[in-house]
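I would like the entire structure built from these sequences, with the hints used as guidance.
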Amino acid sequence: MKTQGTPASFHQIPRRNGIFQEREHDAYKIKGKLPEPTICPLCSAVFHEGRWQWRQAPADAHREICPACHRIHDHYPAGFVTLRGEFFHAHHDEIMYLVYNQEKRERAEHPLKRIMAVEEKDDITLVTTTDIHLARGIGEALHHAYQGELDFHYNPEENLLRVSWTH
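Position one of the sequence shown corresponds to residue 54 (my numbering), numbered consecutively onward.
Careful: at least some of the hints might be erroneous.
[To be verified] With a cut-off of at most 30 Å between alpha-carbon atoms, the simulated DSSO-like pairs for lysine-lysine come out as follows:
#1 K86 with K157
#2 K157 with K82
#3 K174 with K157
[Said to hold, decoys possible] So the derived label-pair ranges between C-beta atoms look like this:
#4 A198 with V171: 13 to 23 Å
#5 E173 with E202: 14 to 24 Å
#6 P88 with H144: 40 to 50 Å
#7 D113 with K82: 39 to 49 Å
#8 K157 with H128: 19 to 29 Å
#9 P94 with E162: 17 to 27 Å
#10 H115 with R158: 26 to 36 Å
#11 R158 with H126: 23 to 33 Å
#12 E211 with P111: 34 to 44 Å
#13 P88 with E147: 37 to 47 Å
Because the hints were derived from the structure by calculation, they are not lab data. None of these values were measured; they are calculated from a predicted model. A virtual CB, placed ideally from N, CA and C, is assigned to each residue, including glycine.
Structure representation (structure tokens):
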């Protein structure tokens, strides 16, 4: 994995046990503790035992929009994955299948990890995510499966990760 020169506003985040360590407060994280159970009226994720989960909620559950739905509503991604290159274009459908499968696996366990949008323009495909860890996981899955060049740029002030995969 190669890391190119980083602009002054971006910092490489230290890796510990494969997890990005959050330095700044994320405005989309819930402030304080939600009453349990709480259900998101948009996606039906349930806040239970201190985290968002996929499960049944009682009819009298408190209602609050989850952080992922909040990001989607605001059009404010936490992760950007840029895909490009001749190999990518030659194997576009297969690679996008891997991207969606990675999201499906992550989302099954973690409801806040979602793909927000996929935009194709010129020779670039941009995948936006609600979570920096999902963006990182997509990039690492692509690199593991197909090699290529993988770059990460993390902006701690905005809790924003940009991943670029070229092959």
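Each hint tested on the structure:
1. As the CA atoms of K86 and K157 are separated by approximately 27 Å, the hinted pair is consistent with the 30 Å bound.
2. Restraint check for K157 and K82: satisfied, since their Cα atoms lie roughly 22 Å apart, inside the 30 Å limit.
3. Between K174 and K157, the direct Cα distance comes to roughly 24 Å. Compliance with the 30 Å bound is thereby established for this hinted pair.
4. A C-beta distance of roughly 18 Å is found between A198 and V171, which places it inside the suggested range of 13 to 23 Å.
5. Taken as a hint, the range 14 to 24 Å holds for the pair E173 and E202, whose Cβ atoms sit roughly 20 Å apart.
6. Checked against the given bound of 40 to 50 Å, the beta carbons of P88 and H144, roughly 47 Å apart, stay inside it.
7. Under the hint 39 to 49 Å, the C-beta atoms of D113 and K82, about 25 Å apart, miss the expected range.
8. Hint check: K157 to H128, Cβ distance near 22 Å, so the stated range 19 to 29 Å holds.
9. Separation of P94 from E162 is about 22 Å and conforms to the stated range, judged on CB atoms against 17 to 27 Å.
10. At roughly 29 Å, the beta-carbon separation of H115 and R158 lies within the given 26 to 36 Å, and the hint holds.
11. Between R158 and H126 the Cβ separation comes to about 25 Å, which falls inside the hinted range of 23 to 33 Å.
12. Take E211 and P111: their Cβ atoms lie about 37 Å apart, and the range 34 to 44 Å holds.
13. Range check, P88 to E147: about 45 Å between beta-carbon atoms, so the 37 to 47 Å window is met.
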